[in-house]
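**Q** Kindly generate the complete structure, drawing on both the sequences and the hints.
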Amino acid sequence: LCLFLLLFFFFLFFLQLLCPSGTVLKNISKYRNANLNVCLHFQWEEVSIMDEKNIPIRTYQVCNVLEPSQNNWLRTDWIPRSGAQRVYVEVKFTLRDCNSLPGVTGTCKETFNLYYHESNDDRESYIKESSFIKVDTVAADESFTQVDVGDRIMKLNTEVRDVKVTTRKGFYLAFQDVGACIALVSVRVFYKTCPLTIRNLATFPDTVTGADTSSLVEVRGSCVNQSEEREEPKMYCGADGEWLVPIGGCLCNPGYEDKGGACKACTAGFYKAKSSDVGCSKCPPHSHSLRDGATVCDCHSGYYRADTDPPAMACTQPPSAPQQLISVVNKTSVVLEWSPPRRLGGRSDTSYSVDCLICQTGLTGTKILSRNHSLCLPCGSDVVFSPGQTDLKATRVVVSELRAHTHYTFIVQAGNGVSQISGAGTAQSVSVTVTTNQAVSSIQATDVTRHSLSLSWQQPDRPNGVILEYEVKFYEKDQRERSYRIMRTFSRSVDVTGLNPLTVYVFHVRARTAAGYGEFSDSLIFWLVISVGVGILLLISAAVFIISRRRSKYSKTKQDSEEEKHLNPGVKIYVDPFTYEDPDQAIHEFAKEIDVSSIHIERVIGMGEFGEVCSGRLRLQGKREIYVAIKSLKAGYSDKQRRDFLSEASIMGQFDHPNIIRLEGVVTRCKPLMIITEYMENGSLDAFLRKHDGQFTVIQLVGMLRGIASGMKYLSDMSYVHRDLAARNILVNSNLVCKVSDFGLSRVLEDDPEAAYTTRIPIRWTAPEAIAYRKFTTASDVWSYGIVMWEVVSYGERPYWDMNNQDVIKAIEEGYRLPAPMDCPVVLHQLMLDCWERERAERPTFSQILNMLDKLIRNPGTLQVCMPEWSVCEWLQSIGLERYRDTLAAAGYTSLDSLLALTHQ
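What the sequence shown shows, in mature numbering (1 follows the signal peptide of the UniProt record, and there is no 0), is residues -20 to -1, 1 to 885, in sequence order.
All clues given are correct.
No more than 27 Å apart at the CA atoms, straight line, and that leaves these computed lysine-lysine pairs for DSSO-like: (1) Lys614 to Lys572; (2) Lys239 to Lys254; (3) Lys108 to Lys72; (4) Lys214 to Lys239; (5) Lys651 to Lys620; (6) Lys114 to Lys149; (7) Lys108 to Lys144; (8) Lys89 to Lys108; (9) Lys651 to Lys572; (10) Lys72 to Lys114; (11) Lys135 to Lys89; (12) Lys373 to Lys671; (13) Lys603 to Lys373; (14) Lys144 to Lys214; (15) Lys149 to Lys108; (16) Lys144 to Lys72; (17) Lys651 to Lys603; (18) Lys651 to Lys614; (19) Lys72 to Lys33; (20) Lys755 to Lys620; (21) Lys262 to Lys239; (22) Lys72 to Lys135; (23) Lys572 to Lys453; (24) Lys214 to Lys254; (25) Lys114 to Lys144; (26) Lys114 to Lys89; (27) Lys835 to Lys373; (28) Lys572 to Lys603; (29) Lys254 to Lys244; (30) Lys790 to Lys755; (31) Lys244 to Lys262; (32) Lys135 to Lys33; (33) Lys572 to Lys620; (34) Lys72 to Lys89; (35) Lys755 to Lys457; (36) Lys214 to Lys244.
It should be emphasised that the hints constitute simulated quantities derived from the structure, not laboratory data.
**A** Below you can see the structure in the form of structure tokens.
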């Protein structure tokens, strides 16, 4: 027995020396695993047993349950951490039920303890028990008895515990037995990772989970080949090894598309222009791609793509030449009209430009030397094109301010977005000769008596042919051509009789040849008195002219404007159609009769005062078909209604201006009677602005106002007073050209002034003197124009809002003026206030308004929306409400900012 004990203790000592080499336990490869080397310590023994399949397995066992206070340890070899922050220990073991062991009450246990120790050293052969940290006490879910062993039933327990290891390069595990009958079958040590994955075209690497069971490790992904970041790709690695919360991602580069998480090149015939495009697209018409990875398709020969065209747009061609170019010469103006090109090249951005050349007779309209070696030169800058010379959308241009007796060639060219790229010119030209008579000169008055005088003059220096007769027009100066007389003579002098003494007269003379009438001469202003010396008469005339000038800020320019109206050659004077005894004579003199078969009515667009208003088409012989508006006179009309209906056509027929609604003609020889005007696609200005509230720039709004002012200047130059100027009576075509219309109020006021005053005068648009004294003048039209300006800038807001007419009259009388609309430039509101001056002589003329708007358009920087640095007093004074200064001050409103807190109440 002593020898046996000696050999046993020697065996234990020798086994302890061999502990570091140990035995490798079973390794499961689902996760990253650490090899576990264990050694026998104290009462643990390495024993082979048979499992339920009779396969031998190696175990470590201890079963000293009879002795109390057991403390048996089993320790692993050093395990490298390998970057893990939390490791998992899976223990498989069997445990003997203490109840199945007789006589062990109080000493038998059914648990064991798990410990760990972190260390940077893999050669620690001895570690104190106190250096180990306890992980947990492990208990068995299933235990066995002696009977179970005999029946070969293997009751295997599996327990997993996690350990946070973050301070050393590795660690040791230890198992402590405190008095159990236990066998360790296997120990597996592992840590978890989120596996390599591709999400949203970004690669996320294999990532070790965090130290805590609830921690998320943020990981930044990297874009796959041929891709770029859309938004920084990120995901979070969860403690259980699952990827969570994908954020951002990548997009395939142009020319590549997403195919199963990889970016593949677009095949030939397809393209991808931008990273944000969903995938490769087939090349648009008239284009191709011959290689893989195309970002844009190349155009076929003869087709082009503009810089601003998107890659998905088909390649296009320049347009062909304009068709059916015609010209109409009217004195020193030419109207050019043409039809769109037969081929538009597949685009919708066709525009036109007009070149003007001065050529000698016989040239063909090119800019090169012709066969007679003469040169065509560009026209000067004094030639005016309306609506413009380049970038035209309409197919009609009026060219004015041309020289008399001059041969012009006009070249109309069509272009689109690819015309410059293609280098192809598509134009059509027409040659015209402007042949108008020059004005007569040197008008003199002789043989002056109380009721007559003799006029003489010099013939024009360059008459266009033989002078057939002279026409003398004269009128009393204060009538301003409202009532004038015409005399004709074959000689260069005429005796004028039947004049009123002590009256200032204005005389004009013009010549007529086979080519038509020339321009009127400069006006001769003469004061008819009892016969005195010619020199004294001239002095008196000059004195009267000077004294009659106004002293206001606009008086001088306004007077000059009135005189320019008479001095400006070629300006027609309005003739009131109601001065004709026979209304048919007026309508046939001023309007063209149209065959009803040329009119095709398409639809009803509204109701007028006399009947329906329709849209349709008009096709006259030798001209292209145009869209027109058709007003018809309803059946059962009276003679007065017929006269009133046709009078508006007689008025419109006298006007020829791009900003005045154009009369195409009338139908009077069959029923129903019709008035045919040009068709304005966008309807009335007020409704159009309300529909497109806030959609135009300030420059565009000023351009609309400029067109209206130009039309009103033309009317004022013709001595016509509109009396009903308002945004509702301005029509807008498809090119945003504004045209003055509705010339019927003057007829209503003359027929029934009392009724007109109470029912028809548009109080909100009418000047104070016109309301109070029925004094309608160009100055009252200027007042109305100021209201139109306010309507345009406020996008069709109703002037004076919900105030009734009596409140409006009272407010204006007390000095109130409409405030600036929202975002209205200060300079525009100041021009409105100038138009609303109480004294009509202090209001600007339409010529001045037009000049002001032209300056604003040329200098858009002056249209800044800024308010002057006013005090409350100055602001109240500017709107005519200075009497409320003390009331506001007493209430604490002392600055403009404080006024913003005011409410309607």
